[in-house]
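*Asks:* Now for the letters of each chain:
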Amino acid sequence: MKTLSSILAIAWLLIVFKPEAQAVPSYSRQTGLPCATCHFAPPELTPFGRKFKLDGYVFTTKAEVTDEKKDHNAALHLLEAFPLSVVFDTSYTATKSPQPATQNGNFQLPQDVSLFLAGAWGSHVGSFVQVTYTVKDNHFGWDNTDVRYANKEHELFGKSFTWGVTFNNNPTVEDLWNSTPAWGFPFTSSNVSPTPAAKAIINGALATDVAGIGGYAMWNEHFYFAGTVYRSQHLGGPEPNPGLLFPFNIRGFAPYWRLAWETSTKNNNLEIGTYGIHTKTSPNAITGLTDSHTDWAVDFQYDRSLPQFKNDVLSFRGTYIRENSSLGATFAAGGAAQPGHHLNTLQGNAEYHYGTKLSGTIGLFHVTGTTDPLLFPPAPVFGSATGDPHSNGYILNVSWWPEQNIDLAVQYTGYTRFNGGGTNYDGSGRNAGGNNALFLLGRFLF
Amino acid sequence: MRRMFLKIAPASIFTCLAILALPCCLRAQGDAAQVYKTNCALCHAADGSGETASGKSLKAKDLRSPEVQGKSDEELAEVIAKGTGKMPAFGKKLTPDVIKSLVAYIRALPKKK
Chain U
3 MKTLSSILAI
13 AWLLIVFKPE
23 AQAVPSYSRQ
33 TGLPCATCHF
43 APPELTPFGR
53 KFKLDGYVFT
63 TKAEVTDEKK
73 DHNAALHLLE
83 AFPLSVVFDT
93 SYTATKSPQP
103 ATQNGNFQLP
113 QDVSLFLAGA
123 WGSHVGSFVQ
133 VTYTVKDNHF
143 GWDNTDVRYA
153 NKEHELFGKS
163 FTWGVTFNNN
173 PTVEDLWNST
183 PAWGFPFTSS
193 NVSPTPAAKA
203 IINGALATDV
213 AGIGGYAMWN
223 EHFYFAGTVY
233 RSQHLGGPEP
243 NPGLLFPFNI
253 RGFAPYWRLA
263 WETSTKNNNL
273 EIGTYGIHTK
283 TSPNAITGLT
293 DSHTDWAVDF
303 QYDRSLPQFK
313 NDVLSFRGTY
323 IRENSSLGAT
333 FAAGGAAQPG
343 HHLNTLQGNA
353 EYHYGTKLSG
363 TIGLFHVTGT
373 TDPLLFPPAP
383 VFGSATGDPH
393 SNGYILNVSW
403 WPEQNIDLAV
413 QYTGYTRFNG
423 GGTNYDGSGR
433 NAGGNNALFL
443 LGRFLF
Chain F
1435 MRRMFLKIAP
1445 ASIFTCLAIL
1455 ALPCCLRAQG
1465 DAAQVYKTNC
1475 ALCHAADGSG
1485 ETASGKSLKA
1495 KDLRSPEVQG
1505 KSDEELAEVI
1515 AKGTGKMPAF
1525 GKKLTPDVIK
1535 SLVAYIRALP
1545 KKK
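So the sequences go chain by chain: U and F.
Position 218 of the first sequence, counting from 1, maps to 220 under my numbering, and the rest follow consecutively.
Position 113 of the second sequence, counting from 1, maps to 1547 under my numbering, and the rest follow consecutively.
FYI, nobody ran anything at the bench for these hints, they're computed from the structure.
Since this is a predicted model, take the numbers as computed values, not measurements.
Every residue gets a Cβ at the ideal spot worked out from N, C-alpha and C, and that includes glycine.
Fair warning: there could be bad hints in the mix.
[As the list claims (entries may be wrong)] Below, in silico cross-link-like pairs of lysine-lysine (DSS-like), each with a Cα-Cα straight-line distance of 25 Å or less:
1) K64(U) - K1526(F)
2) K359(U) - K268(U)
3) K71(U) - K1546(F)
[Stated by the list, open to error] Have a look at the derived ranges for each label pair, beta carbon to beta carbon:
4) V300(U) - Q1468(F): 23 to 29 Å
5) T1518(F) - T418(U): 50 to 56 Å
6) H74(U) - S1535(F): 47 to 53 Å
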């Protein structure tokens, strides 16, 4: 039981403290372009931002140390400016009801500080590499990573064809749109307010806990394909991996897939796609029985520029994730009442960008799944009295950018149901609305 | 489920390898277009039309249009070196000689229509 509690605690940590999505000033220094060229509002990518990422983060207009390829000599393309950036977050979080035995009104200075190595490493290789300090851990830890090789110099069937290879540590971090989990809404969030217990595995559970290599391609600016295979790589865990104390130890490889179609006109951009992952894992072990999860998802994103309103942008994004799991190992260990489970996650949001200064977003989320009192046991705040993972609610966010690299945000998250109930959902007398959270953020990027 | 995994994993690895192998099967572009392709095509498209997703959103000019082609070589070189509107300046990256060759390349775009 103690082991199971440890596994649940670590799983909860992995889910709750997902890496934050951010924009990176060193890209701006490299391209000579303002943040707004690549972002409607960071980290939401414009078509130019998507192309910059697709092409391997290498586009530059700045001076380089170069040596051209001649005869049997290799070329050299080095940025004169080292591509280093800093993001500093400070925040305040207050929940409607305090968490038991803790002080409400949590002020963090900083909430986290991220250092980025983000820019061109050569003519075809570039990176988004992030390390993040958090007050809770009181040290820097490895965060989102996407190092990629890209080649845009070919055609296929007479149409443009860009292809690349990505090394990354988070399924969907390689993606170009903001409708998939790694870069999806909310773009900022509190790291102290309670969040629902159930979350699909592709929805952040493996973030920075895996190492992957994959390929991607965009054909004719319409069809995007990507595939990555992942192995477990536990931060702070021993190497080689013995599996102990980690809830997801991937057996073999976990394949991730992505297929998307996009089309654009002068004022419209539409993307429709599908993605997913299949994992076979052993909780707290590398041998023996396994749990398997298969996530199938669809997503869409639509951005509409409004010329009659000085090109303000209206964005709609959504995703549905269906997770089917067979928890043989967890069931055998007494952590689940039955092996077969499913989880449905529906997320959607609408956002209005008032120039590059202000944006307002309304997001809705809805999670339902198999009731299991052992998998979702009663516990104060984070547990479920009924074993029902059903949660739903809304997120309201207003971000003000007095300058393109300063974000002052107000966010309110409201729950109408939390871990299966509206009232006394945890069996300890807490109501779903007690987890409603006000989050204030000051973000400085330089 | 195990059978499904065994099918998906090799398929995924094969896809990666196939993508890596693709360049051998594709038609490599000539050197003449290299500077244009690296620096300009992202917005202006390979054919200069500006019909890329980023070009459309940034309202990039059609380089084959009379408006652009009507400019003198010096004016085009100045736009490339100093930038204009949402277009960044390339003067710190590209030498005057390279910019000159780029202008010549842009001049030839309408003929490739």
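*Asks:* Against this structure, judge whether each hint is valid.
*Replies:* Structure-based check of all given hints:
1. K64(U) - K1526(F): Between K64(U) and K1526(F) the Cα gap is close to 5 Å, so the pair holds against 25 Å.
2. K359(U) - K268(U): It holds: about 22 Å lies between the C-alpha atoms, which stays within 25 Å.
3. K71(U) - K1546(F): Not OK: K71(U) and K1546(F) at ~28 Å, beyond 25 Å, violated.
4. V300(U) - Q1468(F): 23 to 29 Å: Violated: the Cβ-Cβ distance is about 39 Å, outside 23 to 29 Å.
5. T1518(F) - T418(U): 50 to 56 Å: The hint (50 to 56 Å, Cβ to Cβ) holds, given that T1518(F) and T418(U) are roughly 52 Å apart.
6. H74(U) - S1535(F): 47 to 53 Å: Violated: the Cβ-Cβ distance is about 25 Å, outside 47 to 53 Å.
In this structure, the earlier hints numbered 3, 4, 6 are contradicted, and the remaining ones agree with it.
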